[in-house]
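**Q** Each chain, letter by letter, is given below.
2 protein chains.
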Amino acid sequence: MHGIVETELTLTPTKLRQACRTEQFCDQTSGLCPGYTQANLVILPEKDAYDFLLFAQRNPKPCPILEVTDSGSRQLQKFAQDVDLARDFPQYRIYQRGKLVAEPLNVVDYWRPDLVSFLIGCSFSFEAAMIAAGIEMRHITEHVNVPMYNTNIPAKSAGRFHGNYVVSMRPIPENQIVRAVTVTEQLPQVHGTPLQIGDPATIGITDISKPDYGDAVTINPGEVPVFWACGVTPQAVVVASKPDFVITHAPGHMLVTDIKDTDLKYQL
Amino acid sequence: MHGIVETELTLTPTKLRQACRTEQFCDQTSGLCPGYTQANLVILPEKDAYDFLLFAQRNPKPCPILEVTDSGSRQLQKFAQDVDLARDFPQYRIYQRGKLVAEPLNVVDYWRPDLVSFLIGCSFSFEAAMIAAGIEMRHITEHVNVPMYNTNIPAKSAGRFHGNYVVSMRPIPENQIVRAVTVTEQLPQVHGTPLQIGDPATIGITDISKPDYGDAVTINPGEVPVFWACGVTPQAVVVASKPDFVITHAPGHMLVTDIKDTDLKYQL
Numbered sequence: 041m042h043g044i045v046e047t048e049l050t051l052t053p054t055k056l057r058q059a060c061r062t063e064q065f066c067d068q069t070s071g072l073c074p075g076y077t078q079a080n081l082v083i084l085p086e087k088d089a090y091d092f093l094l095f096a097q098r099n100p101k102p103c104p105i106l107e108v109t110d111s112g113s114r115q116l117q118k119f120a121q122d123v124d125l126a127r128d129f130p131q132y133r134i135y136q137r138g139k140l141v142a143e144p145l146n147v148v149d150y151w152r153p154d155l156v157s158f159l160i161g162c163s164f165s166f167e168a169a170m171i172a173a174g175i176e177m178r179h180i181t182e183h184v185n186v187p188m189y190n191t192n193i194p195a196k197s198a199g200r201f202h203g204n205y206v207v208s209m210r211p212i213p214e215n216q217i218v219r220a221v222t223v224t225e226q227l228p229q230v231h232g233t234p235l236q237i238g239d240p241a242t243i244g245i246t247d248i249s250k251p252d253y254g255d256a257v258t259i260n261p262g263e264v265p266v267f268w269a270c271g272v273t274p275q276a277v278v279v280a281s282k283p284d285f286v287i288t289h290a291p292g293h294m295l296v297t298d299i300k301d302t303d304l305k306y307q308l
Numbered sequence: 041m042h043g044i045v046e047t048e049l050t051l052t053p054t055k056l057r058q059a060c061r062t063e064q065f066c067d068q069t070s071g072l073c074p075g076y077t078q079a080n081l082v083i084l085p086e087k088d089a090y091d092f093l094l095f096a097q098r099n100p101k102p103c104p105i106l107e108v109t110d111s112g113s114r115q116l117q118k119f120a121q122d123v124d125l126a127r128d129f130p131q132y133r134i135y136q137r138g139k140l141v142a143e144p145l146n147v148v149d150y151w152r153p154d155l156v157s158f159l160i161g162c163s164f165s166f167e168a169a170m171i172a173a174g175i176e177m178r179h180i181t182e183h184v185n186v187p188m189y190n191t192n193i194p195a196k197s198a199g200r201f202h203g204n205y206v207v208s209m210r211p212i213p214e215n216q217i218v219r220a221v222t223v224t225e226q227l228p229q230v231h232g233t234p235l236q237i238g239d240p241a242t243i244g245i246t247d248i249s250k251p252d253y254g255d256a257v258t259i260n261p262g263e264v265p266v267f268w269a270c271g272v273t274p275q276a277v278v279v280a281s282k283p284d285f286v287i288t289h290a291p292g293h294m295l296v297t298d299i300k301d302t303d304l305k306y307q308l
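So the protein sequences, as listed, match chains A and B. Residue 41 is where the first sequence starts when you use the working numbering, and the numbers rise one by one after that. Residue 41 is where the second sequence starts when you use the working numbering, and the numbers rise one by one after that.
A hint or two may mislead.
Pairs count within a copy or across copies, as identical chains cannot be separated in the list.
To be verified - Using 27 Å as the maximum straight-line C-alpha spacing, the simulated DSS-like pairs for lysine-lysine come out as follows:
#1 Lys-305 <-> Lys-101
#2 Lys-250 <-> Lys-101
#3 Lys-196 <-> Lys-300
#4 Lys-300 <-> Lys-118
#5 Lys-300 <-> Lys-101
#6 Lys-282 <-> Lys-196
#7 Lys-282 <-> Lys-87
#8 Lys-118 <-> Lys-305
#9 Lys-250 <-> Lys-282
#10 Lys-87 <-> Lys-196
#11 Lys-282 <-> Lys-101
#12 Lys-101 <-> Lys-196
#13 Lys-300 <-> Lys-55
#14 Lys-305 <-> Lys-196
#15 Lys-101 <-> Lys-118
#16 Lys-87 <-> Lys-139
If you're looking for bench data, these hints aren't it; they were derived computationally from the structure.
If we strip away everything but chain A, and leave its shape as in the complex, we get (with noise of 0.2 Å):
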């Protein structure tokens, strides 16, 4: 599935934008360039930033801000440098009126002068270090895309967004929960601590083995789903709300950025 990393261990980050942006990646990217933060994304015309960017204030958990362009700018300032937002994710969205009508490679000849891009912290980010602390992150142990479900929790409502939380799910051994809960505290960025421990119902959940987003995975007896909110959260929010026009990531295809998690806590 990624043939680009068993062909190249040394895989950076560059790299790895560069396949994107020749459409020789198109994959999801859980594991890729293990301890670099990656990133969901929403762009929005001016007209509707402002309301998003309150909306993201007032939902931190499932909507931790890592950067926002200028208008109309395909570049960042901070997360990564040779980057162009219009192609350096593996794959995107398109939502008119809160309708998916397209998932195009790149976004290029939607571009806007007048569009606002949002990066937004990945639970992606923080697998690395599960992994070292040894928590197996199951799907990619499964070579597939994380499981994420739409939730019964409501966000806060800000102008015209409004919809409910979006969470990934991974399954831990009872005796690790502990240790998943201070590791995830550790990066508040990319979702922090789980929102939810145990009965996928609790939260509105009412069949674990199909998610509404990547992948199901095996849940081993023993083990418990441990739930994070999660940055396809505004997509959700975007079918609930019908803004005319939004460009986000096809979910589990982030944009790896130059900026390592352990550097996360202590960015200005």
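Got chain A; can you put chain B on it based on the hints?
**A** This is chain B only, laid out in the frame that chain A set:
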């Protein structure tokens, strides 16, 4: 100076806000209601709100946003019940085109339906934790406002807003500096770790005995000046950027909220 404290040992945030509302209390708030989060204020017309929210996102160290109101609202959803943002700070400042034009005790007559209020974290909020850790807060001991200084540290600009950081200073004995760092690291929403330990000149402060805001305090032999990012930074930015109309708090004259400092790190 704090007559209200000396007569009322059980002062609650609600009672203090009511005393501000009726203009019985109009002093600085350092040391009041220990353990409760205090907040800086910036109020702007809607047309400037996006640029300011983006400025705060890009400068979380001086401008950690606690809450943003809906346009025109003088209430809060999260940080306080029974609050009137136009009356419950002890004193306000009015800026027109970057110039300080008034320092009223309430801003009822300045209120407009297009105003958005930003509550910003305040270092007074970590002082109870510092005192509990055995670290003297000299300005509290000396019953004065904390000393604050303009610096040469540039903030990241956003839209129309640009300018330099403002910092607050506390003298710390050399053997307590590590403790002062670790205590404040726990509270990133109220400025977190220091920006500078030691030489004021490094950050452009030429005379430590002459603060730009607040009052000078004694620095004893064996003590080092330690500087934290300060929520007065937006006022230096307003002076530099000259937006049409801004209301702020008077430096040191904070809103005392209903939220405990210890709860800040667990807030979703």
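**Q** I want to check one pair: Lys-87 and Lys-196. Are their C-alpha atoms no more than 27 Å apart within a copy, between two copies, both, or neither?
**A** both (20 Å within a copy, 23 Å between copies)
**Q** How would you label the pair Lys-300, Lys-101 (within, between, both, or neither) given a Cα cut-off of 27 Å?
**A** both (20 Å within a copy, 19 Å between copies)
**Q** With 27 Å as the alpha-carbon cut-off, assign the pair Lys-101 and Lys-118 to within, between, both or neither.
**A** both (21 Å within a copy, 15 Å between copies)
**Q** Since the copies are identical, ignore which copy is meant and state whether Lys-300 and Lys-118 lie within 27 Å (CA to CA) inside a copy, between copies, both or neither.
**A** within (12 Å within a copy, 33 Å between copies)
**Q** Please work out whether the CA atoms of Lys-196 and Lys-300 approach to 27 Å or closer within one copy, between two copies, in both situations, or in neither?
**A** between (30 Å within a copy, 21 Å between copies)
**Q** How would you classify Lys-250 and Lys-101 at a CA-CA limit of 27 Å: within, between, both, or neither?
**A** Answer is within: at 24 Å inside a copy they meet the 27 Å cutoff, but 41 Å across does not.
**Q** When no copy is named, should Lys-282 and Lys-101 be tagged within, between, both, or neither for a Cα gap of at most 27 Å?
**A** Only inside one copy: Lys-282 and Lys-101 sit 22 Å apart there, 34 Å across copies, limit 27 Å.
**Q** Evaluate Lys-305 and Lys-196 at a C-alpha cut-off of 27 Å and name the case that applies: within, between, both or neither.
**A** both (25 Å within a copy, 18 Å between copies)
**Q** When no copy is named, should Lys-300 and Lys-55 be tagged within, between, both, or neither for a Cα gap of at most 27 Å?
**A** within (16 Å within a copy, 46 Å between copies)
**Q** Evaluate Lys-118 and Lys-305 at a C-alpha cut-off of 27 Å and name the case that applies: within, between, both or neither.
**A** Classified as both; 14 Å inside a copy, 25 Å across copies.
**Q** At most 27 Å between CA atoms: does that hold for Lys-250 and Lys-282 within a copy, between copies, both, or neither?
**A** The answer is within: 25 Å in one copy meets 27 Å, while 54 Å across copies does not.
**Q** Regarding Lys-87 and Lys-139, is the shortest C-alpha distance of 27 Å or less found within a copy, between copies, in both, or in neither?
**A** within (19 Å within a copy, 30 Å between copies)
The structure meets every hint from the earlier list without exception.
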